[in-house]
Amino acid sequence: MSCYKGKYADELIANAAYIGTPGKGILAADESTGTIGKRLASINVENVETNRRALRELLFTTPGALQYISGIILFEETLYQKTAAGKPFVDVMKEAGVLPGIKVDKGTVELAGTNGETTTQGLDGLARRCQQYYAAGARFAKWRAVLKIGPNEPSQLAINENANGLARYAIICQENGLVPIVEPEILVDGSHDINKCAEVTERVLAACYKALNDHHVLLEGTLLKPNMVTPGSDAAKVAPEVVAEYTVRALQRTMPAAVPAVVFLSGGQSEEEATRNLDAMNKLKTKKPWFLSFSFGRALQQSTLKAWAGKDENIGKAQAAFLARCKANSEATLGTYQGGALSEGASESLHVKDYKY
Amino acid sequence: MSSFKGKYADELIANAAYIATPGKGILAADESTGTIGKRLASINVENVEANRRGLRELLFTAPGVLQYLSGVILFEETLYQKTAAGKPFVDVLKEGGVLPGIKVDKGTVELAGTNVETTTQGLDGLAQRCQQYYNAGARFAKWRAVLKIGPNEPSQLAINENANGLARYAIICQENGLVPIVEPEILVDGSHDINKCADVTERVLAAVYKALNDHHVLLEGTLLKPNMVTPGSDSAKVAPEVIAEHTVRALQRTMPAAVPAVVFLSGGQSEEEATLNLNAMNKLKTKKPWTLSFSFGRALQQSTLKAWAGKDENIKKAQDALLTRCKANSEATLGTYQGSGILSEGASESLHVKDYKY
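Residue numbers (the working numbering), protein chains in the order written: chain A, 165 to 521; chain B, 1073 to 1430.
Here chain A stands alone, though its shape is the one from the complex:
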């Protein structure tokens, strides 16, 4: 038995292809309640439901922004929220041609006997949850596996366990109509060079795609959300062209052409860095049988958050900042970004050591 051929197959393929539309990408707005609390705290805003709702409304109703977005990943609470005027967020998105997505993992837990390595939970009752999310309007899902680079890391156990978890999650999603975004994030923390990151990324991605094949996942109905290949956070930076070369080569060596698109995570990169790196990849002249796009959280929202500062009178300014980053990243997916879309905070590193959502 090869890959998934169930009732959602055609829909999965169509939705995954749509997310891979050149000029568009994903807004990752799926911060859990705890994580969004930290973001709100950084601008002195209280972490209550109305503020969380208001922030997301600010983003989703920014005039002109959604044309650059093919999908938005939501936290469960947000999937059921509405604008102040009472319109469900999922309707706002659908009317703008944006697919709603849903974070379905339940965070990481440590693997005993390892040096702080983790696996991701969330498989219990996942099928039923996916059905509920599909009924609420979601059409894709996301699950974040986390690996780190160290003297003995990532261990074979960590790679195997996370790859297997991603594959189980992926097939359950497909059985229930959601395109699974497969996210094996290798944290940028460390003093390793770009070659080390490349080696680990290639090893991890090979394990992921073997696991997806073992579990009969329909690759044409999936997306990959990997880290870019970069030096560690404590190592010297390199030019975007170098990041582009190593990243695309890693994908060429591991990711089958059947996968329609890659939607990179931004990790701890500043807004501008992430955009420039993505742009460099799309300028690179080499074999790229998949679209290279973005699934940015912090790298799309940082300037916006700072501009908003929780005040209604700043909404216009905040939305302008958001539009600027959306447009910049849209151009980056086409390799046409000229630089210069900087707002306050756009060059600020967003790296938080040993980042936990």
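Hints were generated in silico from the structure; no laboratory data involved.
Treat the hints with care, as some may be off.
Claimed, not checked - Listed next, the in silico EDC-like pairs over lysine to aspartate or glutamate satisfying Cα-Cα at most 16 Å (straight line):
hint : chain 1 : residue 1 : chain 2 : residue 2
1    : B       : 1309      : B       : 1265
2    : B       : 1077      : A       : 363
3    : A       : 169       : B       : 1271
4    : A       : 312       : A       : 325
5    : A       : 447       : A       : 512
Based on the hints, put chain B in the right spot on chain A.
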């Protein structure tokens, strides 16, 4: 440690890319002494060294043929043979812009506890053998793993063992300057349909590429020699476009873009079938980030053998037959083959031998 970065890395990448040149492909002329004996017997020719040499000279010196070839796979004996005039075959090939290749496996042995599944031998002393072959002029190698489709086959053991063997062979070749052709042949024998073949092919190729990654093989310096995805030999045939669609999709689902080319084996297909199927693949409008070409043995030589029949006076006729097939397959790699109006005797003949052993 990621992939191979040793002293031959650039050369491996360049040679693999050369073999991937559109319009060219590989002539698999590496039949072992026993196997070539069967071919010679079929045209009533004695299996002695002079005749084996004579046949290969006929092939390699056929006028106009080498321009359509990027490589020729040789059996060890042939690597050291010369033309009747005394010119080493490797020189004939090199002057024709053709890379000499060498079969390095030592055939299959059965896996205990399976239903006659096999693994391939040849790893012992392989490094030294590769060095010798490199010195003799070889620049690529080939190793054939064999799997079959049955109610319980291929088993996980057979898949794992053959994938691992291919990966060990591949890295040893790269350490010694030879581009490894990775050949996981899934035999066409059986009454299964094309979907079953596709399922198995995808499973096998996924295992092979995982093994290559585990063993640090530099994919840019390798080639794949797979079966096309077809119905079983006892099943109804399908159109070339269907074979093309299923085959390319299997590759899209398993083979990383870093691999420069796929050089299909012909299995039991007739010369014309193999060419039409390859042509259909190259006409297909879909993502194909690798060259799709040929590494044909029987499907390039059948008509030639029949035309030669072991007689000197037939050499020109035989060489014309080879030129026809080479040109046809060259066009097939470009998707421009129009079909041959006049087929040589044998071009449509099925070359399927049940449970084929080299």
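Taking the hints in turn, this is what the structure says about them:
1. B/1309 - B/1265: 9 Å, holds
2. B/1077 - A/363: Status holds; Cα separation ~12 Å.
3. A/169 - B/1271: 12 Å, holds
4. A/312 - A/325: 14 Å, holds
5. A/447 - A/512: 24 Å, violated
Taken one by one, the earlier hints fail for this structure only at number 5.
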